[in-house]
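Novice: Each chain, letter by letter, is given below.
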Amino acid sequence: MTDDPTSVVTVSLTIDGQAVEVPEGTSIHQACESAGIDTPTLCWAENLTPVNVCRVCVVEVEGQRALVPSCARPAEEGMVVETDSERVKHSRKMVLEFLGSGVDLDQAPELQKWMDHYGSDTSRYDQYELPALRMGEAPKIQDNLYIRDYDRCVLCYKCVEACGDDAQHTYAIAVSGRGFDARISTEFDVTLPDSACVYCGNCIGVCPTGAIQFKTEYDLRQADDWRPEDQDVTRTVCSYCGVGCNLELHTQDDKIVKVTSPADHSVTSGMLCIKGRFGWQYVQPVDTPTRKA
Amino acid sequence: MADLYISEETADDIETAAVDAALDGRFVVVRESERLIRAGTSARHGHRHLLLPALHALQNAKGWISPGGLNYVCETLQVPPAEAYGVATFYDLFRVEEPAQAGDVTHVCVDAACQIAGAAERIAELKAQGVNVHESPCLGQCERANHVTGEVAVFVQGVGGPDSVAADDTPYELFHQKGDESLRLLKRIGVVDPTSLYSYRAHGGYESLTAAIEMGPEAVCTAVADSGLSGRGGAAFPTGIKWRAVAAEQGRPKHVVANCDESEPGTFKDRVVMENDPFAVIEALTVAGFATGAENGWIYIRGEYPLATARLQNAIDQALEAGLLGDDAAGSGHRFHIEIRRGAGAYICGEETALFASLEGFRGEPRSKPPFPTTHGLFQEPTAINNPETLLNVLDIVQIGADGYRSRGTERSPGTKLLCLSGRVAKPGVYEVEFGTTLGEVLELAGGLTGSGELNAVLMGGAAGSFVDRSYLDMPITLEDARERGTTLGSGVVMAFTDEIDLVDVLVRISQFFRDESCGQCVPCRVGCVRQNETMVVLQEKGSLTSERRQLVDDIAQVMVDASICGFGHTATNAINSAIKLGLVPGVPS
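The listed protein sequences correspond, in order, to chains A and B. The numbering of the first sequence is our numbering, which starts it at 13 and goes up by one. The numbering of the second sequence is our numbering, which starts it at 222 and goes up by one.
Hint data in this document are derived by calculation from the structure and do not stem from the laboratory. Careful, some of the hints might be misleading.
Stated by the list, open to error - Lysine-lysine pairs mimicking DSBU-like chemistry, simulated, CA-CA at most 30 Å apart:
id : chain 1 : residue 1 : chain 2 : residue 2
1  : A       : Lys105    : B       : Lys399
2  : A       : Lys105    : A       : Lys267
3  : B       : Lys763    : A       : Lys105
4  : A       : Lys101    : B       : Lys648
To be verified - If you want the footprint, here are the derived chain B segments under chain A, 3+ residues with CB under 8 Å:
id : stretch
5  : 735 to 747
6  : 779 to 785
Every residue gets a Cβ at the ideal spot worked out from N, C-alpha and C, and that includes glycine.
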């Protein structure tokens with residue numbers, strides 16, 4: 013211990029045979045990143061509290077019977093971590109395979125990349141009933157701002173966190189039901205205009221699979237005209253109030269198609285309000301959004 | 222500060238009265254307008270733990286939780302409706318749609334012990350009579366299952382009236398060791414009047430608490446540690462270590478919790494104790510509170526145990542009146558109160574961190590460990606959580622000392638164990654046996670096998686346990702022998718299956734149980750349980766598994782054991798894999 017208040021207490025650990033030193037409180041996942049080891053994540057995000065439910069980031073820690081979620085477990089002095097052992101590879105492969113076999117991951121290229129990496133084979137479930145259980149649920153389109161397509165939902169809890177304690181404190185949605193029947197829902201599955209939703213769109217910002225997306229994006233995808241490679245992203249400051257939220261305007265053919273905010277931005281942490289997220293229609297008028305009285 | 226947005230539906234007088242009665246005026250609501258209620262995070266958490274009692278009240282009043290009723294609860298407790306709905310839909314005993322058939326709901330058990338006693342036939346009969354039947358996971362009355370008479374476990378969920386079980390009005394006849402002098406934990410069962418503190422004291426009740434107070438908290442913790450007592454809920458964690466850790470925590474409110482959410486299929490020992498010797502549970506929990514310095518005692522009991530709940534509440538009331546609980550419990554100078562909370566039909570809530578979440582008014586989803594309950598338990602405060610059977614052992618330890626306690630059992634498994642004998646045994650019931658008794662002797666104690674056919678398999682430790690075959694009859698019932706031979710004692714289930722029973726049917730049901738009961742939080746368990754169940758259904762239909770499907774069984778088990786959050790996922794594949802490995806499943810290579 014030193015008396016210097018600015019000194020940082022560090023812990024030393026071994027990751028895949030490599031000695032790593034990180035500040036105390038750093039997660040194993042961050043420690044892996046600092047060691048240049050890429051770890052798949054799904055329910056983790058830098059601007060949300062880890063819920064460690066997806067289990068795709070698990071690593072093997074010497075002395076621990078089960079694998080541990082690297083996103084939530086702090087690195088400890090002397091820890092010996094394996095990120096590429098047979099057990100880790102098997103768990104990551106199976107978790108992705110489980111998800112891929114029951115959920116539409118077409119719009120989650122990052123996950124597909126990892127599925128290829130770990131050799132996840134969703135075809136072996138085709139003979140079973142599961143895909144039919146989840147697929148074919150019509151997207152919920154209840155307004156002109158955003159849609160919810162729960163066939164794409166992997167139940168990562170991110171939208172619930174963003175709507176609740178981690179950002180918006182609106183609590184319009186929660187996980188309902190149990191087990192495989194669990195899903196994200198408003199109370200009694202009422203429509204969004206009838207719910208507590210304030211249309212901040214922070215759930216869209218954190219959704220990793222396109223289960224919640226801008227209506228503009230959805231319409232373009234339906235028309236087979238969604239072209240990320242042709243889109244520009246322009247960073248600007250929201251003009252509605254004096255807070256100074258940074259916006260990223262995604263434009264395609266010179267039209268705004270969606271708005272995000274950088275997760276590492278000091279003002280927003282990636283979160284916006286309805287004005288920043290959706291209040292750009294005056295630039296290019298579309299149908300007026302409606303909300304029931 | 223957030224504002225709750227509540228829809229326009231309102232509660233009727235019946236719902237309002239039921240919720241008010243359940244909540245007993247323990248809160249204040251500031252109304253800002255008709256629809257916006259002053260809230261905020263602190264208010265949200267402040268009364269949140271009353272959500273489960275309030276939902277029970279609504280369910281009981283109308284037979285379902287209506288939008289208006291839910292709104293009333295949400296306004297009163299400052300809980301967002303979406304979250305309250307998420308909680309309500311988590312539990313089997315709550316309905317969020319108006320039921321097609323009004324009135325009481327008859328829950329009939331379809332898990333292993335009742336399944337092989339003829340649950341399917343019983344359900345068909347009841348349905349033909351127009352009874353509102355709900356197929357239920359294990360109801361913890363496995364000793365009632367009888368394949369000759371066709372009796373199976375039933376729990377009636379009341380609407381507008383109380384819930385009930387078969388034992389409500391009849392003395393308990395299914396205890397076969399009554400009066401046995403060697404009993405330690407069950408010595409009062411069938412002997413004491415479970416409704417009378419006077420009778421309990423006449424049979425040695427509250428002598429342990431008196432002894433504990435004389436010893437002092439530290440000496441009690443030491444005795445418990447020296448006795449070698451380990452948790453009887455299934456995980457066998459040393460109780461002394463747990464208690465000392467909580468005792469060492471200072472400066473925050475502390476809790477002791479009796480985990481009475483006995484839901485492991487095949488387990489009913491705690492129910493028998495709570496129904497027939499409830500004061501012992503209250504006394505033991507008081508000793509735990511005294512030893513750990515916790516002022517708050519909680520009993521979380523499964524919703525399907527109405528008689529045990531009533532008996533425990535009666536015991537608390539009488540103990541409070543007699544000064545054995547309260548601000549100066551039994552003259553110890555230690556403040557200790559006990560509150561009962563009922564679960565609502567969710568096996569996962571027996572997992573300790575899920576139990577905390579459920580009690581706090583959240584979905585019963587397990588939390589990651591570490592941090593452990595001894596530092597971050599109920600309300601994130603230091604908590605010792607024990608099974609009733611574990612607690613009963615403490616009464617004994619305090620009186621006869623660690624050495625006296627160790628005179629029974631083996632070096633590594635001291636004391637006695639409660640076993641739940643069911644299936645094809647002549648006298649099913651709960652039995653107290655000394656650790657070291659062999660499995661064969663235990664089956665003999667329960668009258669040996671019944672019906673025709675030879676012993677084929679025994680399910681040890683419940684659905685989360687494992688199957689063993691005849692070669693295990695010489696296995697001493699101890700933690701070390703079970704571990705060495707690759708099985709478990711778990712919660713004390715010993716369920717016998719003869720070769721006239723199709724084990725594949727049982728495996729299908731076990732896999733269905735896990736599919737229904739998974740909380741759904743983590744991917745390996747949420748999807749793995751479904752995949753496992755599908756594989757078993759395919760096996761049942763086709764009579765065998767292809768090598769690809771056989772591989773899938775192993776792959777599913779591996780990821781669930783390695784990557785699930787809690788013990789549920791870690792053990793959900795045990796029974797099926799043990800049966801396959803022992804060659805008990807025709808058509809599947811071991």
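Novice: Output the numbers, in ascending order, of every earlier hint that fails for this structure.
Specialist: Violated hints: 1, 2, 4; rest satisfied.
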